[in-house]
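2 protein chains.
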Amino acid sequence: MAARATAQRRLASISSQLAPAAPPAPDWNSALQALQSIFPPEQLSLDLPTREKYGTGWGSLLPPAPPHAVVHTLRTQDVVEVVRIATRFGIVIIPTGGRTALEGQFQASCCNPPAGERWTGGANGEEDERPRDAKKRETARTERPTIQVSLSRMNRVLAVHEQDFQAVVQPGIGWQGLNEFLAKKGIKLFFPVDPAPGSEFGGMAGVAGSGTNAVGYGTLRAEWIQSMEVVLMNGDVIRTRGSNRARKSSTGWDTGRLFLGSEGTLGIITELTVRLAPVLPLKVALTSFPTISSAVSTVVSILTSGLSPTSLELLDGTSIRGLNLARILPERLEEEPTVLMRFSNASEEVNAQNLRKVAGIVEENGGRRLRVARDERENEELWKARKSQYWSQQLLVGEGCRTLITDICVPISRLAEFVSRSDSYVSTSGLYAPIVAHIGDGNVHRAILWKGREGETKPPREVEELAKKLVRLAQELEGTCAGEHGIGLTKRKYLRAELGEGTLALMRTVKRALDPLNLLNPDKVLFPEGEEEWDA
Amino acid sequence: MAARATAQRRLASISSQLAPAAPPAPDWNSALQALQSIFPPEQLSLDLPTREKYGTGWGSLLPPAPPHAVVHTLRTQDVVEVVRIATRFGIVIIPTGGRTALEGQFQASCCNPPAGERWTGGANGEEDERPRDAKKRETARTERPTIQVSLSRMNRVLAVHEQDFQAVVQPGIGWQGLNEFLAKKGIKLFFPVDPAPGSEFGGMAGVAGSGTNAVGYGTLRAEWIQSMEVVLMNGDVIRTRGSNRARKSSTGWDTGRLFLGSEGTLGIITELTVRLAPVLPLKVALTSFPTISSAVSTVVSILTSGLSPTSLELLDGTSIRGLNLARILPERLEEEPTVLMRFSNASEEVNAQNLRKVAGIVEENGGRRLRVARDERENEELWKARKSQYWSQQLLVGEGCRTLITDICVPISRLAEFVSRSDSYVSTSGLYAPIVAHIGDGNVHRAILWKGREGETKPPREVEELAKKLVRLAQELEGTCAGEHGIGLTKRKYLRAELGEGTLALMRTVKRALDPLNLLNPDKVLFPEGEEEWDA
Numbered sequence: 001m002a003a004r005a006t007a008q009r010r011l012a013s014i015s016s017q018l019a020p021a022a023p024p025a026p027d028w029n030s031a032l033q034a035l036q037s038i039f040p041p042e043q044l045s046l047d048l049p050t051r052e053k054y055g056t057g058w059g060s061l062l063p064p065a066p067p068h069a070v071v072h073t074l075r076t077q078d079v080v081e082v083v084r085i086a087t088r089f090g091i092v093i094i095p096t097g098g099r100t101a102l103e104g105q106f107q108a109s110c111c112n113p114p115a116g117e118r119w120t121g122g123a124n125g126e127e128d129e130r131p132r133d134a135k136k137r138e139t140a141r142t143e144r145p146t147i148q149v150s151l152s153r154m155n156r157v158l159a160v161h162e163q164d165f166q167a168v169v170q171p172g173i174g175w176q177g178l179n180e181f182l183a184k185k186g187i188k189l190f191f192p193v194d195p196a197p198g199s200e201f202g203g204m205a206g207v208a209g210s211g212t213n214a215v216g217y218g219t220l221r222a223e224w225i226q227s228m229e230v231v232l233m234n235g236d237v238i239r240t241r242g243s244n245r246a247r248k249s250s251t252g253w254d255t256g257r258l259f260l261g262s263e264g265t266l267g268i269i270t271e272l273t274v275r276l277a278p279v280l281p282l283k284v285a286l287t288s289f290p291t292i293s294s295a296v297s298t299v300v301s302i303l304t305s306g307l308s309p310t311s312l313e314l315l316d317g318t319s320i321r322g323l324n325l326a327r328i329l330p331e332r333l334e335e336e337p338t339v340l341m342r343f344s345n346a347s348e349e350v351n352a353q354n355l356r357k358v359a360g361i362v363e364e365n366g367g368r369r370l371r372v373a374r375d376e377r378e379n380e381e382l383w384k385a386r387k388s389q390y391w392s393q394q395l396l397v398g399e400g401c402r403t404l405i406t407d408i409c410v411p412i413s414r415l416a417e418f419v420s421r422s423d424s425y426v427s428t429s430g431l432y433a434p435i436v437a438h439i440g441d442g443n444v445h446r447a448i449l450w451k452g453r454e455g456e457t458k459p460p461r462e463v464e465e466l467a468k469k470l471v472r473l474a475q476e477l478e479g480t481c482a483g484e485h486g487i488g489l490t491k492r493k494y495l496r497a498e499l500g501e502g503t504l505a506l507m508r509t510v511k512r513a514l515d516p517l518n519l520l521n522p523d524k525v526l527f528p529e530g531e532e533e534w535d536a
Numbered sequence: 001m002a003a004r005a006t007a008q009r010r011l012a013s014i015s016s017q018l019a020p021a022a023p024p025a026p027d028w029n030s031a032l033q034a035l036q037s038i039f040p041p042e043q044l045s046l047d048l049p050t051r052e053k054y055g056t057g058w059g060s061l062l063p064p065a066p067p068h069a070v071v072h073t074l075r076t077q078d079v080v081e082v083v084r085i086a087t088r089f090g091i092v093i094i095p096t097g098g099r100t101a102l103e104g105q106f107q108a109s110c111c112n113p114p115a116g117e118r119w120t121g122g123a124n125g126e127e128d129e130r131p132r133d134a135k136k137r138e139t140a141r142t143e144r145p146t147i148q149v150s151l152s153r154m155n156r157v158l159a160v161h162e163q164d165f166q167a168v169v170q171p172g173i174g175w176q177g178l179n180e181f182l183a184k185k186g187i188k189l190f191f192p193v194d195p196a197p198g199s200e201f202g203g204m205a206g207v208a209g210s211g212t213n214a215v216g217y218g219t220l221r222a223e224w225i226q227s228m229e230v231v232l233m234n235g236d237v238i239r240t241r242g243s244n245r246a247r248k249s250s251t252g253w254d255t256g257r258l259f260l261g262s263e264g265t266l267g268i269i270t271e272l273t274v275r276l277a278p279v280l281p282l283k284v285a286l287t288s289f290p291t292i293s294s295a296v297s298t299v300v301s302i303l304t305s306g307l308s309p310t311s312l313e314l315l316d317g318t319s320i321r322g323l324n325l326a327r328i329l330p331e332r333l334e335e336e337p338t339v340l341m342r343f344s345n346a347s348e349e350v351n352a353q354n355l356r357k358v359a360g361i362v363e364e365n366g367g368r369r370l371r372v373a374r375d376e377r378e379n380e381e382l383w384k385a386r387k388s389q390y391w392s393q394q395l396l397v398g399e400g401c402r403t404l405i406t407d408i409c410v411p412i413s414r415l416a417e418f419v420s421r422s423d424s425y426v427s428t429s430g431l432y433a434p435i436v437a438h439i440g441d442g443n444v445h446r447a448i449l450w451k452g453r454e455g456e457t458k459p460p461r462e463v464e465e466l467a468k469k470l471v472r473l474a475q476e477l478e479g480t481c482a483g484e485h486g487i488g489l490t491k492r493k494y495l496r497a498e499l500g501e502g503t504l505a506l507m508r509t510v511k512r513a514l515d516p517l518n519l520l521n522p523d524k525v526l527f528p529e530g531e532e533e534w535d536a
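Chain order of the listed sequences is E and A.
Just so we're aligned: 232 in the UniProt record's numbering is position 232 of the first sequence, and the numbers increase by one with no gaps anywhere.
Just so we're aligned: 178 in the UniProt record's numbering is position 178 of the second sequence, and the numbers increase by one with no gaps anywhere.
Simulated from the structure, these hints should not be mistaken for laboratory data.
All figures in this text were calculated on a predicted structure; none of them were measured in a lab.
Possibly wrong hints are sitting among the right ones.
Just so you know, same-sequence chains aren't split out, so a pair can sit in one copy or run between any two.
Mimicking DMTMM-like on lysine to aspartate or glutamate, the simulated pairs with C-alpha atoms at most 25 Å apart in a straight line are [what the hints assert, rightly or not]:
| # | residue 1 | residue 2 |
| --- | --- | --- |
| 1 | 184 | 363 |
| 2 | 53 | 529 |
| 3 | 188 | 363 |
| 4 | 458 | 331 |
| 5 | 188 | 478 |
| 6 | 468 | 364 |
| 7 | 184 | 417 |
| 8 | 188 | 364 |
| 9 | 458 | 381 |
| 10 | 188 | 381 |
| 11 | 458 | 376 |
| 12 | 357 | 375 |
| 13 | 387 | 501 |
| 14 | 357 | 376 |
| 15 | 357 | 81 |
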């Protein structure tokens, strides 16, 4: 009986802590008054052009989804104030940074198509073609007032601990900014994970993606982000690892991992302690193959031999055709599967040695002679073939070309099958869908291209259909719908097929525990309950 | 008004899901009946010798804390059955594997000292010296019936995906078993993270520790454990990444990270998909230095130069004295700070090249001539200096020597200061406390040695005091109380000082959400609420 009484006391205490007070009905007028009493005008944007700018996705063709206000935070306490106002007056908060996210992560859900892919393109304004009931639900959500919290002005490097290979940064600086800072100071360290140019650390951690260096350095889910300061929806400011700045620790499960990949739905990151890598001699090389299979075999052999590639990138023949049209490289490349590689080792000597081995592996697999950059200039020239992809591809379609970038990832052993089967979908569709893949990771971006019509507000049906088929195929091949760009609004529909009900239920349980009022970037990653629109 | 009504509906639904039904008072007789109706005798140990064996910590001097029963699960469904019985009849479950955990992770909390360090040694039975009220509380908890779920018989390798550098394993096999399996099959891949010999994957993931290879390969918190099957306390069996076996993914936050380091308090891991690394030529080298500072400078230079060490281990003069006494190596080593290194590269050629650079760095820092193993036999011989540490140290004290292994970790830049300041604590204490450190990570194990008295049930006061001072010093130097051995029962008292109240509160919130009845390895990592005994 004593045990039962204790259990009931404990449960009463749990319930009182878990079951939130009813959230107030949104009261925008009071919230606005409170914001204005705390933030000076230069930190609080209420004008439509600014709000539209912050409500627009990178390259999005959708009509802007302007928040009611943008607060430009300068310090952690500013974020705490916004959280207090939001929870008091029932206002939604969306944290935002470089706004390079591709899947609608920082856009108000009311104004995004619940079932569309992310796509880039021009104008806006046309009649909405979504089903009537979808429109109705979104209209209801449109009325939820939203504060966008922009962390971009918190963009300082707070400390560099050179001997410890660490930097402490604010969320508004990106990997590029940090690396420029370090180079300027003459510190021979850098942050090696390289998602979209312009991305900032808050969002990088939020999406937990990667970039071209993942094959050598791992993704943002590796140990690059060691500790974070996070503002929780209960107003607490926590440090996920507390005072500990050691290279490793085992103090229970790492609360920081909750926020990595949470896409701004569980807390707002206000500071990060990140690990750095030494800057080492780098060498770029390029070759091409008769088939994707031989490219894959080459890559697996390189990885098995421990030859220290930092990047292994695949461009297919269609991508190379775009490059040739754009005359990116001085000479025309063969329009066949091409692998661009970067190697990084302790010395040029070791690079050269390893590259001789790579050349042998390429030859064994029937590839063309390995072209190795002779110097830094040639490194950059060859690497341009990778960096110029997304715009050179547009030449395949010409003026008015629009793009939907897909982001599946499969086990490397299934990559050749993915490419050949998806090639047949592409050819049936009559569309261009050139490949740029992080082949070492199995992460394939097919960029679906089409000629946009004036004023269209969503990709044509055949583009959406192709994108879905690519995801279904990837999942069939034990892969994922999202290799590095996250889920946001556009990929939610694929999660049930991939993660299963139980994992989704666990994610919901944690979301409820951390954001019981569902005010922090709601409806991202997970559908609102009862409004699931599963696909695949 | 509509918004408020919706919010209230949502809250009602949240509350019903979050607030658990009252847990039943423990009913061991019914639980036992249910266990016996499901499990044959060979899967259900009720005899005292087996229960005592499973209730005894590795090398623990404490009296055994036998669970009421040990269930040896053979399949995931067995685990689900135990969870159902436990939640139905109010029984505590403790998952267990190799039982190498050092901090009381799998022992019933009732029978462990709430405020003592982990220590190794002999006999038992003496009068308990703990304060009267602590004893009373523990007596109350002793009465909670406990089922230990041993996963050790689930020890198969279920699949190896060689091209994908992946293996799928059950929780009862360890890194050694997996590596032997791969070697026997002629597969040139291995699992590189190497915690205690005998540890098994379930527990390895549970503690999220590391070993000697962390400087090269990262810890278990890096991307080595990609996906897990986990049984939750609501009976769900989830796969943290679902059907996805790709090398990377960004489908929201990774639920698997909740269980890494949770020490069996949030779910029970029943299968793991792990990443493998290529087996590459390895070279061991050894040198010694006049001071710890010069050893640290050498290590930082090696890391900055990208020379691919997989292990950088420090033994201090006292440790070397033990080695010399034990005649581990054919010749006597200088009794001064000694660094053992392992390097792994694509070829012997590159190893040799890199080791020439290392020799130069050592010389610049005033170290002795670098001794490099000439072949595999010498590799093994030199590495023995590391592997024989814990027993050779015992010779410093002689017969009856007992050991408390400490596990702090500090930023590398603070390591020399940690060693010199802690040296002075050690010399004041009059004890031996030789150092074995993963110097590349800043993880210092001082093994506190003393001559045990017959029947003592806890370390002498001066041993416990020294252990506490080491933790306080590490935390002062921005380090952690637990570099790789986890928290269990013995380190809980240090967490508040290190992580802060907010992070601890977040951990509690998540624990409550996942295990609302508090039946899964309760009181580990976190103190029972209202029973905190903070130290430092």
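Going through the hints against the structure:
1. Taking the shortest Cα distances, residue 184 and residue 363 never come within 25 Å of each other, neither inside one copy (41 Å) nor across copies (30 Å).
2. When the C-alpha separation of residue 53 and residue 529 is checked against a cutoff of 25 Å, the pair qualifies neither within a copy, at 30 Å, nor between copies, at 48 Å.
3. Within a single copy, residue 188 and residue 363 get their C-alpha atoms only as close as 35 Å, which misses the 25 Å cut-off; across copies the closest is 22 Å, which meets it.
4. Proximity of residue 458 to residue 331 under the C-alpha cut-off of 25 Å is found in neither arrangement, the shortest distances being 38 Å within a copy and 76 Å between copies.
5. Proximity of residue 188 and residue 478 under a CA criterion of 25 Å is satisfied inter-copy only: 24 Å between copies versus 40 Å inside one chain copy.
6. Taking the closest pair of Cα atoms, residue 468 and residue 364 never come within 25 Å of each other, the shortest separation being 37 Å inside a single copy and 60 Å across copies.
7. Taking the shortest Cα distances, residue 184 and residue 417 never come within 25 Å of each other, neither inside one copy (45 Å) nor across copies (30 Å).
8. When the C-alpha separation of residue 188 and residue 364 is checked against a cutoff of 25 Å, the pair qualifies only between copies, where the shortest distance is 19 Å, while the shortest distance within a copy is 37 Å.
9. In this assembly of identical chains, residue 458 and residue 381 lie within 25 Å of each other by CA distance neither inside one copy nor across copies; the values are 36 Å within and 67 Å between.
10. Proximity of residue 188 and residue 381 under a CA criterion of 25 Å is satisfied intra-copy only: 23 Å inside one chain copy versus 36 Å between copies.
11. For the identical chains of this complex, residue 458 and residue 376 are neighbours neither inside a copy (43 Å) nor across copies (63 Å), given an alpha-carbon limit of 25 Å.
12. For the homomeric pair residue 357 and residue 375, the shortest alpha-carbon distances inside one copy (19 Å) and between copies (23 Å) are both at most 25 Å.
13. Neither within a single protomer nor between protomers do residue 387 and residue 501 lie at most 25 Å apart by alpha-carbon distance, with minima of 39 Å and 46 Å respectively.
14. Proximity of residue 357 and residue 376 under a CA criterion of 25 Å is satisfied in both settings, with 21 Å inside one chain copy and 24 Å between copies.
15. In this assembly of identical chains, residue 357 and residue 81 lie within 25 Å of each other by CA distance neither inside one copy nor across copies; the values are 58 Å within and 54 Å between.
Checked against the numbered hints above, the structure breaks hints 1, 2, 4, 6, 7, 9, 11, 13 and 15 and satisfies the rest.
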